[in-house]
Amino acid sequence: MNTSQDKVTDLKRAISKYVAQGSHISIGGFTVNRNPMAAVYEIIRQAITDLHLYAHSNGQGVDELIGAGCVGKLEIAYGGNGRFAPTCIRFQQAAQDGAILIEDYSNYQMTLRFLAGAMGVPFLPTRSSLGTDITDRWGFSEELRKDDPKLPDDKLVIMENPFGNWLDTSKVVLVPAINPDVTIIHVQKCDRQGTLRMEGLTFSDIEQAKSAKYLIVTCEELVDTSELREYPDQNQIPFFHVDAVVHVPFGAYPTACYRYYDYDPIYLNEYAEYAKDDTRFKDYLNRFIYGTSNHRELLDLIGQKRLKSIAADPRTGYASGLDRR
Amino acid sequence: MNTSQDKVTDLKRAISKYVAQGSHISIGGFTVNRNPMAAVYEIIRQAITDLHLYAHSNGQGVDELIGAGCVGKLEIAYGGNGRFAPTCIRFQQAAQDGAILIEDYSNYQMTLRFLAGAMGVPFLPTRSSLGTDITDRWGFSEELRKDDPKLPDDKLVIMENPFGNWLDTSKVVLVPAINPDVTIIHVQKCDRQGTLRMEGLTFSDIEQAKSAKYLIVTCEELVDTSELREYPDQNQIPFFHVDAVVHVPFGAYPTACYRYYDYDPIYLNEYAEYAKDDTRFKDYLNRFIYGTSNHRELLDLIGQKRLKSIAADPRTGYASGLDRR
Amino acid sequence: MTKKKMKFDYSPREMMAIVAAREIKDGDIVFCGTGVSMLAAMAAKHISAPESVIIFETGAIDPKLEEIPLAVSDSRIMYGSSMNSGLADAFAIMQNQSTGQHVVGILGAAQIDMFGNLNSTTIGNYVNPTVRFPGSGGACDVASFVGKTIIFMQQEKRRFVTKLDYLTSPGWLDGPRGREKEGLSKGGPVAVITNMATMRFDENTKEMYLDGYYNGITPKKILANMGFGIDISRAHEIPPPSADELRILREVCDPQRLILG
Amino acid sequence: MTKKKMKFDYSPREMMAIVAAREIKDGDIVFCGTGVSMLAAMAAKHISAPESVIIFETGAIDPKLEEIPLAVSDSRIMYGSSMNSGLADAFAIMQNQSTGQHVVGILGAAQIDMFGNLNSTTIGNYVNPTVRFPGSGGACDVASFVGKTIIFMQQEKRRFVTKLDYLTSPGWLDGPRGREKEGLSKGGPVAVITNMATMRFDENTKEMYLDGYYNGITPKKILANMGFGIDISRAHEIPPPSADELRILREVCDPQRLILG
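Residue numbers (my numbering), protein chains in the order written: chain A, 188 to 512; chain B, 188 to 512; chain C, 68 to 328; chain D, 68 to 328.
Everything labelled a hint here was simulated from the structure, so no lab data went into it.
Take the hints with a grain of salt, since some may be wrong.
DSS-like cross-link-like pairs, simulated, lysine-lysine; straight-line CA separation at most 30 angstroms [stated by the list, open to error]: (1) B:Lys-358 - C:Lys-131; (2) A:Lys-358 - B:Lys-337; (3) D:Lys-224 - B:Lys-400; (4) B:Lys-199 - B:Lys-400; (5) B:Lys-492 - C:Lys-230; (6) A:Lys-358 - D:Lys-215; (7) D:Lys-131 - A:Lys-492; (8) C:Lys-248 - A:Lys-337; (9) B:Lys-400 - D:Lys-287; (10) D:Lys-287 - D:Lys-224; (11) A:Lys-337 - A:Lys-358; (12) D:Lys-248 - D:Lys-287; (13) B:Lys-260 - B:Lys-492; (14) A:Lys-358 - D:Lys-253.
Make a model of the complete structure from these sequences and hints.
Below, the structure written as structure tokens:
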């Protein structure tokens, strides 16, 4: 919550100011699209650990945070990354090794939980997951829940419909609100005050943003206020939710950013190869993340030619005809 | 729910097909803006009575439906119309005469009730109205509720927070979902299949539209599918919710339609004068509504000069400098 | 009474708008209704709180307001805003745990009681009312959720009542623990601004007391225009509008005098 | 095995996509995941159900799909769509009382039981799993809400199990009254499509039975690749893909063979 006129800062400062060891965080995007990767890499560089991460299907960003050892606890719906990883590889490894504590929800439930936080209500109802193990098996123990004031006492609550059989519904699952300490999203356009515009699908970014105590926005373009205010219908989040604005071109790379660039299939395929082996994954981290001091340097490793190959076709918004094998 | 390619029809047919005596309906817009007035006038011309009307603050449309005797029961948050009627005059009269049965909610509660219907859940929670007479006094008796399967057994339910004090919330008010038989909205642009675009504020139109069993859309412009699909981010309602598309220029007149025309202060001021007296209000109905066979004829009564005076300034989207005294 | 005024003369409505504007600070998110509350919010932004933000329940965030809107759905609030959305989003801002406590809501009503509870629904029996008012609109929501509310009232005996005919919008309910008992937000009414005076609420009892009176008005006259007694021992005279405040209100906010009359 | 195929030769994956496409009718709203389910939905729209509508959980409604998406967040589903929104809106379509029963969801999983319940979460202990899969994603939501689900599976003993290690997405739960008892929607799984066969669920018992087998596959072979027995008395051979079906699948839907391999 911040009404000031100028929130522009750099990524190092934004991450060190708002993300700390043990912070409860969420990141925007979905699998291979619009993950705030520059911010993810900066968290890894700053070696922030023991994060409590709330994810629906954030894919690439989640897997890299887990792989780099930043995550202690994870509430998640889906740890996959489209065709590039039917199950995210470092996520799978960490789960099987017991290296992180995981609690499962569905995608809609995670979205409703962010929405509840955004709306300021303690829960929202759904019929999803009645009769399943999502309602029966809890990843976090009652003790752990009691010890952490940032966690609700119950994973979820099943309730009879208090309005009888209204809407042909006998029971509902109530899922508890999430209010992350910080949410980080990457958007196409933002002004210095935080008025912003996402293009293409918004996933759950809007709910994640509004539910957070602090909101960091990275953007492809830092634009004039007048440009965004000419079409206010297309802006998605009240600017006073925004605490930091960071201009990071290619800030979602190697995931896609609609109308700007596509995902990089070479990077994602190579990542999958690195991720399969602990030693090679360390090489990956050393070369691409610890070995670069910021996102610009990481992009330099990739080179202009690769970046040009994924440039969005102005007609379709993605790299039409890109070789994606 | 309708996936067909071409839903274009005329207003007479759309109203007679979907709106019947006793129907539960809702209309879009808010006070002096984007009310589906052409459709409202057609309902009045067809003399459809005993409607159960769900309203938040729909203002002009609600007052005219009540004044014309179309409404039997009303669930409403606000019966006012901005500076033109601090309390809507025919609404006030009907309430004081006991001519209609009224049940009160707040604007947010009505919106949540439509949202619950749109989401397919029997209720949504809020902290609004705890400790007030909105929770204590019911407009519809328990008997009436039991007799009408389209009404929930309870106006609302107050519940302890099942997640303890999660989100510093001890109690919530659960408000029941609404699924109107039919919702009518007026929008700026629509194609033959029902892909549509509202410009400016959307009020609760989206929730009202998605919660309805049938949805009638009137539009300023009937446009090509390709035009709307070039910027899908700006379209608001999945087309398969739409059952009928009707092309009605000035379909919101005398209320405003952003980027097309302003409200007509002369009409709204004159309406307030007519509405103050039963006999004069009959004159109003006879002249403007029963005396015209469709919206085009009503607009002809107003004349091109008046319509030109409220034409939207392309820069601001309203009639800049309009004399609004 | 003539509408032409001397340069430093001013109407009660102008005074009310300016007194309310003075309540608004940088960092406040101001929820606006129609009429004088809108003028107050606009005046604050131009005078003392440029980093306050005006929002409307209909979904507009920080619109340009080149011309004064006559309703909260007026197209004039859709132009030049930071964002246009709808009711669901607007009220969520007020109920949201991070933003809601920064919202200052400006409300009006037909009746008020000593704890700042409001009636804008009915006089007489609820089902067969003597007088029907518009109802809550967003008022009950705002009063339930936000950090602070400011209430505009006409100073009349029939409006300041010991018992409301209908409690539409919660103030402090029955006293200091009222809101907490019912489960409402920590916030509540902080000021009642009338055509004669400003009342506030005692920190401990949450009962209304006279905080300030306008030039030419006595505390006695104020009490004579209320249906219940209040503490007047803390009252002081409120400074009249400055030339600058009046100029901005008249020339920038409402040059057509659509609200000022 | 060579990837070059004779004109009328076809892979099991191609057969699966076409068999699933045949299940989709005009008026259906098809919920699509990644991979072969997306191909099936695209093929249906081009072959037999032009008035079906493809939606994605990420919020895209009826996109143009000029190129095949590799994930449900692929920018290729944002182009030429009727509308772009987000997850909250997409799942609401499926839970909505008017639209949800018209949705056909296409799902995959690691394990399935005889009532069509699915596991896509863990093998072994939940907290310390032997194998971790991605989890529900939107699968549990879809399976809870929609009118019909179609399930893609590989025909393997370890996948068709008597008891799931974790029930991620509800099928018919424990039989004909299972969903009603728990409070789920009336819908449920209607077909399981594997690389050898199509199973359906008995109208009365909701138990899986063999409905059809592919050319060259025997019911016996299918049973040998399942961890539980099913009724095979109703089984018939499924017609192979037509030349036209194959042409559309290969040339229109996936010319780069990104999914077909």
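Hints broken by the structure, by number, lowest first? 1, 3, 5, 9, 12, 13
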